[in-house]
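Starting from the given sequences, assemble the full structure and let the hints guide the process.
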Amino acid sequence: MASRRLLLELKSVAKSFGATRVLDNVDLAVEDGEFITILGPSGSGKTTILRMIGGFTTPSSGEILLDGKDISALPINRRPFNTVFQDYALFPHMTVAGNVGYGLQIRGTPKAEIRKRVGDALGLVHLGQFAERYPAQLSGGQRQRVALARAIICQPRLILLDEPLAALDVELRKQMQLFLKGIQREIKTTFLFVTHDQEEAISMADRICVMNDGRIQQIGSPLDVYYRPQTEFVARFFGDNNLISGQLGTATGDARVLNTGFGGLVCAVDGQPDVAAAPGGSNAYAVIRPESIQLGISGVDLDDCENRIEATITAVEFSGATTLVRTQPQGSGPLGSELRGLETELRVKLPSRADGTALPVGARVALGWRRIDSRLVPV
Amino acid sequence: MKTRIAGLEVNQIGRTPWPLTLLAYGLPTFFILIPLLSFLTYSFFWVKGTELHSSFQDLTFLNYVRIFTDQIYLPVLWRTTVLCLEVAVLAVCFGYPVAYFLASLQGRKKYMFLMLLLVPLLMSYVIKIYAIRSILGGNGFLNRFLMASGLIDQPLTFFVFNLQAVLLALTVLLIPFAVLPIFLSLEKLPRNLLEASADLGASELQTFLRVVLPMSLPGVIAAASFVFVLAIGDFLTPQMVGGNSGFTFGRIIYSQFGTAYNWPFGSALSVLLCAVVIIAIVVGSRFGNKRGLA
Chain U
1 MASRRLLLEL KSVAKSFGAT RVLDNVDLAV EDGEFITILG PSGSGKTTIL RMIGGFTTPS
61 SGEILLDGKD ISALPINRRP FNTVFQDYAL FPHMTVAGNV GYGLQIRGTP KAEIRKRVGD
121 ALGLVHLGQF AERYPAQLSG GQRQRVALAR AIICQPRLIL LDEPLAALDV ELRKQMQLFL
181 KGIQREIKTT FLFVTHDQEE AISMADRICV MNDGRIQQIG SPLDVYYRPQ TEFVARFFGD
241 NNLISGQLGT ATGDARVLNT GFGGLVCAVD GQPDVAAAPG GSNAYAVIRP ESIQLGISGV
301 DLDDCENRIE ATITAVEFSG ATTLVRTQPQ GSGPLGSELR GLETELRVKL PSRADGTALP
361 VGARVALGWR RIDSRLVPV
Chain E
1001 MKTRIAGLEV NQIGRTPWPL TLLAYGLPTF FILIPLLSFL TYSFFWVKGT ELHSSFQDLT
1061 FLNYVRIFTD QIYLPVLWRT TVLCLEVAVL AVCFGYPVAY FLASLQGRKK YMFLMLLLVP
1121 LLMSYVIKIY AIRSILGGNG FLNRFLMASG LIDQPLTFFV FNLQAVLLAL TVLLIPFAVL
1181 PIFLSLEKLP RNLLEASADL GASELQTFLR VVLPMSLPGV IAAASFVFVL AIGDFLTPQM
1241 VGGNSGFTFG RIIYSQFGTA YNWPFGSALS VLLCAVVIIA IVVGSRFGNK RGLA
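Residue numbers (the numbering used here), protein chains in the order written: chain U, 1 to 379; chain E, 1001 to 1294.
A few of these clues could be false.
What the hints assert, rightly or not - Just a sample of chain U residues kept apart from chain E, beta carbon distances all over 10 Å, derived: (1) Phe56; (2) Gly140; (3) Gly261; (4) Ala354.
Unchecked claim - Not the full set, but computed from the structure, chain U residues with beta-carbon under 10 Å of chain E: (5) Arg51; (6) Asn77; (7) Arg79; (8) Gly103; (9) Leu104; (10) Arg107; (11) Cys154; (12) Arg157; (13) Leu160; (14) Thr231.
Simulated from the structure, these hints should not be mistaken for laboratory data. Note that beta-carbon positions come from the ideal geometry of N, C-alpha and C, so glycine has one too.
Here it is in structure tokens:
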């Protein structure tokens, strides 16, 4: 995966509608054959990126390069990309086969070949027996697959997917996520997938590009953005992270100390040269995932934890597979104001057990986490 | 349980209050169904001399026998039907580009032009016909224009007092009725279908032919049957621009109620026309409700 060929490149692309800037100098490289997800809340500019690549919107400035050539001026129908639209945009007056074969018909492909390729594409999405139905006679998930078959049949260089699963219910979504990923592995076409759903992004993508406010926050593997956030936004976007504020202290190799109300916390800074080199005393957050914190109860030793805090359990919330333990760190009088999120608490997520109530509220416990489980992000 | 917001029931479990139900069924019954039925009844009465025989003991099929045996009525009905089909086709052909233009406009402009289009509908029908007559007539604008441009040296009489004149006048008068349904069907067309078509490689023309046109077809059919029904029921326009050779079925009916004073026979002719209109509407709605386009 390391040495893939570059397919598409966005170079300082910006877009403004009137006085509103929806994209601010975005640089993005898409590699050939990868599954890249653009993730962000609504209004973050993710759909605008997709629409500019597809040719539905023109950038206000910057370049879009395909194989190194600028395609910003190329009209929609001349770009070798196909799109799966959010509400599928199937042609209601054509059968499933008519929809799927549309792109080939337009290109003047011979009838026999169209029939064969439509059959193949429908087989790929398991809709072989629905060829003569109309879109109105299909369920949401089936329409979704028709839209996918229609997009892949012309063998585009890149398939753009604009929140294609947003309209499906949870169960079907999960199925479709696996299905899409499977298809992508099978046909090896590059997928650019836009979504606002973190779980969806993490479970499907090779790489995730997190967007906020028209800017790219971080590009990396799902593990990267999940465990090694580089901005406060990314840290907060992926679930229930604990953020502890403090001032940067001494740096030692790929670690750096953050001085907080709990004393110095040792955090990993590998891959973050900016933070490693930032002047001492500047403000930063330590980010610790709730499931990375260990509870020093019987049978657990915190020997490998560089960071340890004494805390009191304030609540235990059972939620199926995991149990959330809310704790109040000791001596958090002066520290309280420095803990963001739910003010003064540290959240710990544990795998649930049948005797889950073994954690008594009010008990004092030791909390510990390893250096590599805490990252630093600038304030 | 009934919940009301702004006086309207929100959850549809309760029933509509009975006075509303009565109005909803009563008004059409009283003002449409009963008059039509009275026409149907009248068509079985008969006239002798100037005396109307309207007894239910003494009904007759003679009026219908006369329509189907006489050499005049069916040919005129046929010619009128063909004429009105031509009007419908012409009105749709002229109306489509107008509707397309309107639908392609943005925001306020769109509704301004739509209003402009509707202004003629507010004018008196008779005035419009006079206006058209003065354009088409021997000394009218059209002839003067053609003479000034050197295309002809004698005013043409081709444009007035014949069936062509009726055709032209009806088309001009009814175009707004063709524009509206087509405009609405174009407005309803989801814009992302156009994007999808372009995304799959279609040029603008291909998108128009394969997506826009077929999807606006229900609107086109609605427009055509609308225009056809209005045209075939019109007797005033043929009367005023048709002259002696521009004789239509509507004028025959009119003459039966007017000069001939034979209401039963006029009613029988009306029933026949009504049947043609109903067929037109049924055929139109059949085409309009093609599968997948509801």
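We went through each hint and held it up to the structure:
1. Phe56: violated (6 Å)
2. Gly140: Given a closest Cβ separation of 16 Å, the condition holds.
3. Gly261: holds (53 Å)
4. Ala354: holds (43 Å)
5. Arg51: Holds: closest Cβ of chain E sits about 9 Å from arginine 51 (chain U), inside 10 Å.
6. Asn77: With Cβ-Cβ at 5 Å, under 10 Å, it holds.
7. Arg79: holds (8 Å)
8. Gly103: holds (4 Å)
9. Leu104: Given a least distance of 9 Å, the restraint on leucine 104 (chain U) holds.
10. Arg107: Hint holds; arginine 107 (chain U) Cβ to chain E Cβ min 6 Å, cut 10 Å.
11. Cys154: holds (7 Å)
12. Arg157: Interface hint status for arginine 157 (chain U): violated (13 Å vs cutoff 10 Å).
13. Leu160: Holds. Min distance 8 Å.
14. Thr231: violated (33 Å)
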